[in-house]
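Undergrad: Sequence:
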Amino acid sequence: LEARGCAPHLDGCSCNIADLRFTQQGHSESFKHGAHAGHDIGWLVAELQAGRILLSDTSVVIHAVRFHGIVRALNNRHAVALVRYQNEQSEPLSCTARIWPLVHGMKLDDGSGQSVVQKFKNASDSYTGGRSIRGRSRSLSRERSTRVREVVTVHISNIDFEVTDEELRSHILGGGHQSVAEVRIKRRATGKNAGRSQGNALVIFHCAEDARRVASDGLPPLRGRDLAIQLDTVTRAVFDTASGESTGVLRCKGCMTVCCQLMDLYLVEGVRLPGPGYAPHTNTAYYCTCSVKDARGCLFEEHPQHRNFMVAMCEQCRADLGNVQVTSMCMEGDWSIQLGEMAMCFKCQNVYLELPDCHEELLDVKKWSLLYSALGGGDCRMSTVTMQMVAPKLRSALSSNVVSDNSNRTMRLVPRSRPGGRSASPHT
9 LEARGCAPHL DGCSCNIADL RFTQQGHSES FKHGAHAGHD IGWLVAELQA
59 GRILLSDTSV VIHAVRFHGI VRALNNRHAV ALVRYQNEQS EPLSCTARIW
109 PLVHGMKLDD GSGQSVVQKF KNASDSYTGG RSIRGRSRSL SRERSTRVRE
159 VVTVHISNID FEVTDEELRS HILGGGHQSV AEVRIKRRAT GKNAGRSQGN
209 ALVIFHCAED ARRVASDGLP PLRGRDLAIQ LDTVTRAVFD TASGESTGVL
259 RCKGCMTVCC QLMDLYLVEG VRLPGPGYAP HTNTAYYCTC SVKDARGCLF
309 EEHPQHRNFM VAMCEQCRAD LGNVQVTSMC MEGDWSIQLG EMAMCFKCQN
359 VYLELPDCHE ELLDVKKWSL LYSALGGGDC RMSTVTMQMV APKLRSALSS
409 NVVSDNSNRT MRLVPRSRPG GRSASPHT
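Take 9 as the starting number for the sequence shown in our numbering and just add one per residue.
Honestly, I wouldn't trust all of these hints.
Label pairs and their calculated CB-CB ranges [stated by the list, open to error]:
{"no.": "1", "residue 1": "Q57", "residue 2": "N208", "range": "35 to 45 Å"}
{"no.": "2", "residue 1": "N95", "residue 2": "R60", "range": "17 to 27 Å"}
{"no.": "3", "residue 1": "V266", "residue 2": "W51", "range": "52 to 62 Å"}
{"no.": "4", "residue 1": "T172", "residue 2": "P100", "range": "44 to 54 Å"}
{"no.": "5", "residue 1": "R60", "residue 2": "V279", "range": "16 to 26 Å"}
{"no.": "6", "residue 1": "D234", "residue 2": "E99", "range": "28 to 38 Å"}
{"no.": "7", "residue 1": "F75", "residue 2": "D328", "range": "51 to 61 Å"}
{"no.": "8", "residue 1": "V266", "residue 2": "D234", "range": "40 to 50 Å"}
Derived DSS-like pairs: lysine-lysine, alpha-carbon spacing no greater than 27 Å straight-line [as the list claims (entries may be wrong)]:
{"no.": "9", "residue 1": "K129", "residue 2": "K115"}
{"no.": "10", "residue 1": "K261", "residue 2": "K115"}
{"no.": "11", "residue 1": "K301", "residue 2": "K355"}
{"no.": "12", "residue 1": "K194", "residue 2": "K129"}
{"no.": "13", "residue 1": "K375", "residue 2": "K401"}
{"no.": "14", "residue 1": "K301", "residue 2": "K261"}
{"no.": "15", "residue 1": "K355", "residue 2": "K375"}
{"no.": "16", "residue 1": "K301", "residue 2": "K194"}
{"no.": "17", "residue 1": "K115", "residue 2": "K127"}
{"no.": "18", "residue 1": "K194", "residue 2": "K401"}
{"no.": "19", "residue 1": "K129", "residue 2": "K261"}
{"no.": "20", "residue 1": "K261", "residue 2": "K355"}
{"no.": "21", "residue 1": "K261", "residue 2": "K127"}
{"no.": "22", "residue 1": "K127", "residue 2": "K194"}
{"no.": "23", "residue 1": "K401", "residue 2": "K301"}
{"no.": "24", "residue 1": "K401", "residue 2": "K374"}
{"no.": "25", "residue 1": "K374", "residue 2": "K355"}
{"no.": "26", "residue 1": "K301", "residue 2": "K375"}
{"no.": "27", "residue 1": "K261", "residue 2": "K194"}
Read the hints as simulated data drawn from the structure, not as lab findings. Since this is a predicted model, take the numbers as computed values, not measurements. Cβ coordinates follow ideal geometry from the N, Cα and C atoms, glycine included.
From just these sequences and the hints, can you work out the full model?
TA: Dropping the structure here:
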């Protein structure tokens, strides 16, 4: 907590430019302060393209805050320059960002001395969720909108087997959808029919709204066949994020019983206790944990092998939900004060995360260490983890919902509806 209340390190941290979001709805095209004062954004983009200014230079560091899991830029003009530069490249790029805590009394050290909280409040007028921003100019003809290039996948099926990638791309562009980045018709990889179309395709869009419009409005028939179109699971989950206040819960995989409110649950780096898999030199462990009093729907019994443990089982289906352990033995720092003498540690293989902003899809995690690494923010309260935050991770190498091959075994989304007609209510 002390570290999070301090100014970020001058070296900052690496951040994908595609993950940046703006705070303002409009910006000036000229820099008024700092190393680039007197120049315009176009000049900075040209300098980046020519290699005279590098993404690692301190002059293009992005000052930002993390709000609802999203990195929101405070120096929007520099963010615009980086996004425009990224949009002209074929490979994803990273920049350096200094993520400031939203703490009263914290002031930027960029020479302005502005309050971080006040700066963010004054700048936050974007009505697009920070995905786009419009440049202000005295000449209407020079106004320019900058949009973060998002990676959104649409699935198209019932395609004639003779249709090529280029023909499908032209068909989509002819429907007025111009943000198509890549079209890939799935084809058989082996056998005597290797290379033959499977009749379905993955289409990558750089504009989330364009992808949504394709899925909702559809496309004209192609070669006499009606095309079936749907958003990929990750994109659909983001669009279906809940509005208003919601807390999020942890659910038992076996019966969907609520095990804990995410507000009371923490993802923590701790110490692995001696036992199976124990290694003295790499004994780091990761826990999804809460105070025993905050665990719901659990039955506690003595552990058959460890006297300092207790076994926690689901009241409804008797699934093994995890262990109750001595907090000071498995977690360092002040967690004993936060959680109490004993802490409930959940097993990831037997629980789902229902995130605060999405009730239609549940997050299934193979290992807590993988989620901890993907979030990249250190120990955290689970109620701060949102679908908006997780979606880019699911679309990366952690997911099979993009064109690149992946086993989808690390993190995945599963429908809230359960086999056999059971469904978990968000208010259960």
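Undergrad: If I claimed the Cβ atoms of V266 and W51 lie 52 to 62 Å apart, would that claim hold in this structure?
TA: With Cβ atoms ~55 Å apart, the hint holds.
Undergrad: So if I understand the rule, the pair passes when the alpha-carbon distance is 27 Å or less; does K261 with K355 pass?
TA: With Cα atoms ~11 Å apart, K261 and K355 stay inside 27 Å; holds.
Undergrad: Check the hint pairing K194 with K129 against an upper bound of 27 Å on the C-alpha distance.
TA: violated, 47 Å
Undergrad: Given a hinted range of 51 to 61 Å, is it respected by the beta-carbon distance of F75 and D328?
TA: Roughly 37 Å apart at Cβ, these two residues miss the hinted range, so it is violated.
Undergrad: Verify the proposed pairing of K301 with K261, using a straight-line Cα cut of 27 Å.
TA: holds, 21 Å
Undergrad: Keeping to a limit of 27 Å between CA atoms, is the pair of K129 and K115 held or broken?
TA: Judged against 27 Å, a Cα distance of about 14 Å means the pair holds.
Undergrad: Given the proposed pairing of K355 with K375, does the C-alpha separation stay at or below 27 Å?
TA: Distance ~9 Å between K355 and K375 Cα, so the pair holds.
Undergrad: With the threshold set at 27 Å, check whether the alpha-carbon distance from K301 to K375 stays at or below it.
TA: Holds, because 24 Å separates the two Cα atoms, which is no more than 27 Å.
Undergrad: Can you confirm whether the C-alpha distance between K375 and K401 stays at or below 27 Å?
TA: Given pair K375, K401 holds - Cα atoms ~15 Å apart, limit 27 Å.
Undergrad: Do the alpha carbons of K261 and K194 lie within 27 Å of each other, as the hint requires?
TA: Violated: K261 and K194 sit about 32 Å apart, past 27 Å.
Undergrad: Below or equal to 27 Å on CA atoms is what counts here, so check K129 against K261.
TA: violated, 40 Å
Undergrad: Within 28 to 38 Å: is that where the Cβ-Cβ distance between D234 and E99 falls?
TA: At roughly 36 Å between Cβ atoms, E99 and D234 fall inside 28 to 38 Å, so the hint holds.
Checked against the numbered hints given earlier, the structure breaks hints 4, 5, 7, 10, 12, 16, 19, 21, 22, 23 and 27 and satisfies all the rest.
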